[in-house]
Amino acid sequence: MKHIIVVTGGSRSGKSVYAETYARRLADAKGVGLVYIATAEAFDAEMQTRIEEHQLRRGSEWANLHAPLALAETLYASDGQGVCLVDCLTIWLNNLIFSDMDISTATEGLLTAIADRQDPVIFVTNEVGSGIVPENALARRFRDEAGRLNQKVAAIADEVYVSISGIPMQLKP
Amino acid sequence: MKHIIVVTGGSRSGKSVYAETYARRLADAKGVGLVYIATAEAFDAEMQTRIEEHQLRRGSEWANLHAPLALAETLYASDGQGVCLVDCLTIWLNNLIFSDMDISTATEGLLTAIADRQDPVIFVTNEVGSGIVPENALARRFRDEAGRLNQKVAAIADEVYVSISGIPMQLKP
Amino acid sequence: MKHIIVVTGGSRSGKSVYAETYARRLADAKGVGLVYIATAEAFDAEMQTRIEEHQLRRGSEWANLHAPLALAETLYASDGQGVCLVDCLTIWLNNLIFSDMDISTATEGLLTAIADRQDPVIFVTNEVGSGIVPENALARRFRDEAGRLNQKVAAIADEVYVSISGIPMQLKP
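Protein chains in written order, with the working numbering: chain A, 94 to 266; chain B, 94 to 266; chain C, 94 to 266.
Worth double-checking, as some hints may not be accurate.
No copy is singled out in the list; a pair is fine if it fits within one copy or between any two copies.
Think about it this way: if two alpha-carbon atoms lie no more than 25 Å apart in a straight line, the pair counts; the simulated SDA-like pairs of lysine to any residue are [what the hints assert, rightly or not]:
hint : residue 1 : residue 2
1    : 265       : 109
2    : 245       : 111
3    : 245       : 200
4    : 245       : 148
5    : 245       : 192
6    : 245       : 115
7    : 95        : 249
8    : 245       : 150
9    : 95        : 266
10   : 95        : 172
By construction, these hints were calculated from the structure, which means they are not laboratory data.
Isolated chain A (complex conformation) (with noise of 0.2 Å):
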């Protein structure tokens, strides 16, 4: 019952709500359960009171987990819970560089914890490339970080969409 999908797309595009909705689907038409795995850092006590909040809206059949960095060793961790919805990549691939890992040791961990994975996996990104080129150099490294690994994981993935004003538009298959 292995299934990789990617949901891609602008900032506020809605990528988040297909996903979710898209995971509880899944969820419910094979019988088990739903993991949800947070990339996103709770820096402050208002980051920390937003994502209490987001969990809180999701529901409590989800089981929460949390991977600044140790996203490969998450999907391991979690195989044969059922669905995971991992949100987002390129908030972990930003946590990456400000750690100072080495990106494409960690891409390639990633892509072998995808390949080995049993249960579904939902993959949350963002597209970053499609505006000026930043003056940033850092931006400038974060945005073709971020267009490498989305082409790595859809390359593997067996359904990817891009979601537009909240319309989700199917890329593959």
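Following the hints, position chains B and C against chain A.
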């Protein structure tokens, strides 16, 4: 003959030309008039000249209205005059923010006006969320609000198009 | 055997790889050669090395031409040598702006060269207008000109694709 259409896209993607062509086609097919609601403010003489050039280009069959803030009221006032083209929602949102208006109240008003609308209306809007996260806090807020507004209007639209390199792609239905 | 193809997309969206694959496929099917027209300037030794690495990666079956400004002339000169890949239009536009050339004259020249072209040609270009309006006036001008150029070339193309996360989506026909 209610008919709600959204045309979104990046800057200089051909949105407005497609929306104008669509509005003319609808008006011709129904034998009704054409109303243009501009949301941009003429801050100086140069912009005033540009607005007048655009009006000349569109031609005399269009009634020209101006709604930098009172978009809902202008939609009500023009209902019954034929096919209406609103160009564009993101500039309206920008005006709301700079006038320190309450975005959610204004959005509710707009959505009610759309629900009450009898004549067809075409909204042009902008995709602004597919670049790097802006460093400027106001730009981040605008980006978030624009994404939310686009989702809400697209959700109640009958048809949604995204224009890419001048080519409209239908997202809905 | 004229055939005009445009591949657009954000940065690191897989445009160039798709365009190269398409060019090889066309050249193989027609039994003709392959011409690569690079528009990027090698400003320093590092960039020169990178350009040479890319040429090695593409392989010796490609003739490599360089047209930072004289794109129309290079398209005429290479006609008859097989399938041509131009990578990319937005860098050519950037070179025109920095060399203070007249954009509309250069664009007219390019469109005429495309109209006169006998051999197939694939243009890679960038989507740059789906982020926030840039604060930098030159960036705003580049963004406007790039959108206009993309529309003009797409309008006379036989096929247009947008690449998202490495997946090409056909916009035209």
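Now the hints, each set against the structure:
1. 265 <-> 109: Answer is both: 18 Å inside a copy and 19 Å across each meet the 25 Å cutoff.
2. 245 <-> 111: So residue 245 and residue 111 pass the 25 Å test inside a copy (21 Å) and across (14 Å) alike.
3. 245 <-> 200: within (9 Å within a copy, 35 Å between copies)
4. 245 <-> 148: between (29 Å within a copy, 23 Å between copies)
5. 245 <-> 192: within (22 Å within a copy, 37 Å between copies)
6. 245 <-> 115: Both: 22 Å inside a copy, 20 Å across copies.
7. 95 <-> 249: Close inside one copy (12 Å), not across copies (35 Å); limit 25 Å.
8. 245 <-> 150: between (31 Å within a copy, 19 Å between copies)
9. 95 <-> 266: Classified as within; 15 Å inside a copy, 30 Å across copies.
10. 95 <-> 172: Intra 10 Å, inter 49 Å, cutoff 25 Å: intra-copy only.
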